[in-house]
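As a plain string of letters, each chain reads:
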Amino acid sequence: ETGVTQSPTHLIKTRGQQVTLRCSSQSGHNTVSWYQQALGQGPQFIFQYYREEENGRGNFPPRFSGLQFPNYSSELNVNALELDDSALYLCASSLGGELFSGNTIYFGEGSWLTVV
Amino acid sequence: AQSVTQLGSHVSVSEGALVLLRCNYSSSVPPYLFWYVQYPNQGLQLLLKYTSAATLVKGINGFEAEFKKSETSFHLTKPSAHMSDAAEYFCAVSEAYSSASKIIFGSGTRLSIRP
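If you read the sequences in order, they're chains A and B. Residues 1 to 116, numbered by this note's numbering, are exactly what the first sequence covers, in order. Residues 1 to 115, numbered by this note's numbering, are exactly what the second sequence covers, in order.
It is possible that part of the hints are untrue.
Covered stretches of chain B, as calculated for chain A (at least 3 residues, CB under 8 Å) [unchecked claim]:
1) 44-51
2) 57-67
Which residues of chain A face chain B? A partial, calculated answer using Cβ under 8 Å [to be verified]:
3) 8
4) 10
5) 28
6) 30
7) 33
8) 41
9) 56
10) 86
11) 87
12) 95
13) 96
14) 107
15) 108
What the hints contain is simulated information worked out from the structure, not anything from laboratory work. Every residue, glycine too, gets a C-beta built ideally from N, C-alpha and C.
Take the sequences, apply the hints, and build the full model.
Next up, the structure:
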């Protein structure tokens, strides 16, 4: 039990649609990051939010966007869904500062997205 | 750029035998190194991490890993495997004191335990 909760746990979307995934961080955590894990692969960093601002982004197109709210909950939005977007999306939270100092990052159990 | 290579996508050991999962990293700056475990249909759980303190790091469930800078390795070991250790294990690297906690994961090693 990491204290990071994600919703929904599973969903199916049609190619071209838009999806919003939600994450509730562990209490007190001010940093949230999102990862995409395709079947049989390791997670890939999408982006990170620190104090409601994006402060790091991986190699993902702009149709992947996010928000972090004042209560440190977060959303991942994906527009114009493609078949290759089918994956497990993991949210991770930590108590961070301006620079990463190795604080433990806690992962949620993920949201399984299937695009058909 | 940072990267992680996990040697062996699948490792099988007998219950009670030594577990050794291999990981080599590449980083141009001082790294933070991690091992995570993922059970079926679950998220990632941190086993242990190296953040430039002691090079021998002890984690949960009896696992430990040793940071060897000269070999750019961070292998995970456990003296005696249990059936409950069957899972997917990911080695990961991050850049110390970067502006974001971007973690680069390896492709994973699936550990199977034979009775």
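Here is how each hint holds up against the structure:
A count of 5 residues in the region 44-51 of chain B with a Cβ less than 8 Å from any Cβ of chain A is obtained; the coverage claim is therefore met, three being the minimum. Counting residues of the region 57-67 of chain B whose CB falls under 8 Å from any CB of chain A gives 0; the rule of at least 3 is not met. Against a cut-off of 8 Å between C-beta atoms, the interface hint on residue 8 (chain A) is violated, since the closest Cβ of chain B lies about 14 Å away. For the restraint placing residue 10 (chain A) at the interface with chain B, the shortest Cβ-Cβ distance is roughly 10 Å, beyond the 8 Å limit, so the hint is violated.
For residue 28 (chain A), the shortest C-beta to C-beta distance to chain B is roughly 16 Å, which exceeds 8 Å, and the interface hint is violated. Checking residue 30 (chain A) against chain B: minimum C-beta separation of about 12 Å lies over 8 Å; hint violated. Hint on residue 33 (chain A) holds. Least Cβ distance to chain B is approximately 6 Å, under the 8 Å limit. Interface hint at residue 41 (chain A): satisfied, since its Cβ lies 6 Å from the closest Cβ of chain B, which is below the 8 Å cut-off.
This hint holds: residue 56 (chain A) has a C-beta 3 Å from the nearest C-beta of chain B, less than the 8 Å allowed. Given hint, residue 86 (chain A) at the interface with chain B, is violated; its Cβ is 15 Å from that chain's nearest Cβ, farther than 8 Å. With its C-beta approaching chain B no nearer than about 13 Å, residue 87 (chain A) sits outside the 8 Å limit, and its interface hint is violated. Among the interface hints, the one on residue 95 (chain A) is violated; its C-beta lies about 11 Å from the nearest C-beta in chain B, farther than the 8 Å criterion.
With 8 Å as the threshold, the beta carbon of residue 96 (chain A) comes within range of chain B, its nearest partner Cβ sitting at about 6 Å, so the hint holds. A cut of 8 Å between beta carbons decides the hint on residue 107 (chain A): the least distance to chain B is about 4 Å, and the hint holds. At its closest, the beta carbon of residue 108 (chain A) sits 5 Å from a beta carbon of chain B; the interface hint therefore holds under the 8 Å criterion.
Of the numbered hints listed earlier, those contradicted by the structure are 2, 3, 4, 5, 6, 10, 11 and 12.
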